[in-house]
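Peer 1: Here is how the chains run, residue by residue.
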Amino acid sequence: MAIRPLAIVGQLVAYAAFMAVIGYFAAAPAYSPFPSDQAQIKLSFRHTGPPKVECRRLTPEEIAKLAPNMRRAVDCPRERLPIAVEVELDGKILYAATLPPTGIWKDGSSKIYETFAVLPGRHTLTARLRDSRRAEGFDHTRREEIELRPRQNFVIEFRGDRGGFIFE
Amino acid sequence: MLKAIAHNLFERLERAFDYAFTPAWNPFHYLGALGWYFFWIVLVSGIYLFIFFDTGIVHAYEAVEAITHAQWYAGGVMRSLHRYASDALVVVVFVHILREWAKDRYRGARWFAWFTGVPLLWFIYICGISGYWLVWDELAQYIAVATTEWLDTLGVFGEPLARNFLNHNALSDRFFTLMVFVHILVPLLMLFLMWIHIQRNSHALVNPPLGLALGTLITMTVMSLMHPALSHPPADLDRVVTTANLDWYYLAVYPLLDVMPGRWLWAALGIGTLLLLITPWVPPLRRPPVAAVNLPNCNGCARCVADCPFNAIEMRARTDGLPFEQEAVVDAGNCVACGVCAGACPTSTPFRRASELVPGIDLPDVSIAALREQTLAACAKLAGEARVLIYGCEHGPPIEQLASESVATVRLRCSGQLPPAFIDFALTRGHVDGVLIAGCRPGDCHYRLGGQWARARIAATRDPQLRARVPRERLELLWSGMSGLAKLERTLAALRARLVPLGSYQRPHQPKTAQESGNGN
Ligand code: HEM
Ligand code: SF4
Ligand code: SF4
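Line order of the protein sequences matches chains S and W. Each step along the first sequence adds one to the number in the numbering used here, with nothing skipped, and position 115 is 115. Here the numbering used here runs 1000 ahead of the position in the second sequence, where the first position is 1.
Hints listed in this document are in silico derivations from the structure and should not be mistaken for laboratory results. Note that the Cβ used here is the ideal one computed from N, Cα and C, for glycine as well. It is possible that part of the hints are untrue.
Unchecked claim - Here are some of the chain W residues that sit facing chain S, going by a computed Cβ distance under 10 angstroms: (1) Ala1146; (2) Asp1152; (3) Gly1158; (4) Ala1162; (5) Trp1195; (6) Met1220; (7) Met1223; (8) Ala1244; (9) Asp1247.
With the hints as extra help, turn the sequences into a complete structure.
Peer 2: Here it is as structure tokens:
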């Protein structure tokens, strides 16, 4: 077959276009998922609230009514109470919520995972949490002066086994 | 409507590419095959990278940096090829989907490839995303955090997955190792599904022609050297990622997560996938009656099996007591009613009288007997010199517009439906002075292989062959597709100009053969 210069040019153009389209979108345009002049506060933990109702000693009559293999001296309903949490930044509420227990029997832990973009610099950060049956107030509070750098990922965790809030 | 526009666009584009690449190298004819080819490139380059990779999260980044820079000429090129071939895979697959849709090659019995293609999309994305994860640079960090946060919106994981990437304390090898595993296992599953995907296509095109394979490989190698794939700065969970040079082919969903809730995006993708899955039935194709075997006329030669483009015929043990070992059996679920089998059957010969003309296999609604009647009726009306009969397929140019006093037209389901004996019959019996066959562009046969088989039969390289006695100067073939009317007109004029001096066909004097008077072709 005769060599057709126009056809060869056409092929080169097609390959060049292929190269350009693949090569460009493989790593561009850049996307900015987070403003570079801000810092992030990430609040996340998993914590189990107290049982909703206290365990109760059963009366001998009640025990007798239960099937023989189900007999026990105390009745402990599994349902948990929600946990209340509050985060305050420089005196303003950043986040406040009541976290319900998870699971279909509502006997699981309460969970939270939230992120907030904040301005860098010095801040007073306060975190409070209620994990008791009281109706108001908090059982754990931590207040600290913090210095946030741009792009910093500052994490607020709550760890019962480590005595409460952890800031880092 | 939209589909017609898309079809038209593809037609124009493909004609341009036919010119530049020749039909034999036209990339549009090999989109699925290019998908396979890019998959192999990704696999080979991936194996190379894996040899030098470190599957622990602590050293993964350094390992990739070393591959990229210390051996830029080998590992670096491999890494770039790995990335660019993956991207090219996405591109060809999307064009492939669009093309099969625009050309309506996914409905009726052809639902299978479409349906099995849809999960392939998910596999492609899982492979790509897990791959970007393994570099453990800032892009990987962004993907890890965004993906786990997004998965958590489903609410099915007990412990929020995103807590694995809370800060440097939370980081462990656990999730990373899982990703390494996913990135190796899912491509293998994908390969298996790719194999399933083409099961209903016989002679599936899984390899592009050499020219195209080399062209794309050279192009991607040049890209790899000029514009190598690079990492972002190393991941640091204590710093938020603010710039991500996204690979938009794989990672375009992530920016969406910043504008819509994760659950919505899951819902959108789920609904999209479902819609795509049911596409072959919306609206359902009115399926023409499938090919039927007429056992008394089937001699078990298996030519129909060899030619069926859709693996819809099987040879089974003889059931009717005739002295043949096997018989053809049609799988109605796979049959698209293209008629290519009837064109292959040695019993499809117009030299038999119409009352006897029942081939071993035939389409009930457009039978070979009916084709014979149409041929005779169309030719009988012709007058003048250089009388031409045009056989055109349903997907070719509108041949009827060329009909005239001395030009007759007959439509076929597919050019592969025409038994070559019909050409012999029309010419050597003097029904016409010339025959013109018009079909789809080479490489673009609506029924995949019909045109290819028709050409091979006429060239006498495939059974049933066009007999040597047929005067080739009275035969013209044009594979110009649905938009090729103008070209067909020119071809017709040229053929007729050639026929005028030839006059009517005169039979050479020779004794009548048994075949002419009776069976076979
Ligand atoms: C990894 C991705 C894919 C690869 C490697 C691939 C490859 C192929 C190949 C090799 C063929 C056979 C071509 C032929 O010989 O005629 C084919 C046909 C086809 N594919 Fe794909 N494909 C992929 C994804 C998809 C997807 C996502 C869809 C649609 C949702 C799809 C729909 C089809 C259809 C409708 C056909 C035509 C079947 C027919 O002719 O009846 N494919 N594909
Ligand atoms: S009509 Fe014949 S060749 Fe075409 S799909 Fe059906 S069995 Fe196969
Ligand atoms: S080509 Fe015809 S004769 Fe041969 S096996 Fe098929 S149906 Fe039977």
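Peer 1: None of the hints should be skipped; say for each whether it holds.
Peer 2: Status of each hint after checking the structure:
1. Ala1146: Holds - the Cβ of alanine 1146(W) comes within 10 angstroms of chain S, reaching about 7 angstroms at its closest.
2. Asp1152: Holds, because the Cβ-Cβ distance from aspartate 1152(W) to chain S comes to roughly 7 angstroms (cut-off 10 angstroms).
3. Gly1158: With a minimum Cβ separation of about 8 angstroms from chain S (threshold 10 angstroms), the hint on glycine 1158(W) holds.
4. Ala1162: Hint on alanine 1162(W): holds, closest Cβ of chain S at ~6 angstroms, below 10 angstroms.
5. Trp1195: 26 angstroms, violated
6. Met1220: This hint holds: methionine 1220(W) lies near chain S, its Cβ roughly 8 angstroms from the closest one there, short of 10 angstroms.
7. Met1223: 5 angstroms, holds
8. Ala1244: 5 angstroms, holds
9. Asp1247: 5 angstroms, holds
Violated hints amount to a single one, hint 5; each of the other numbered hints is respected by the structure.
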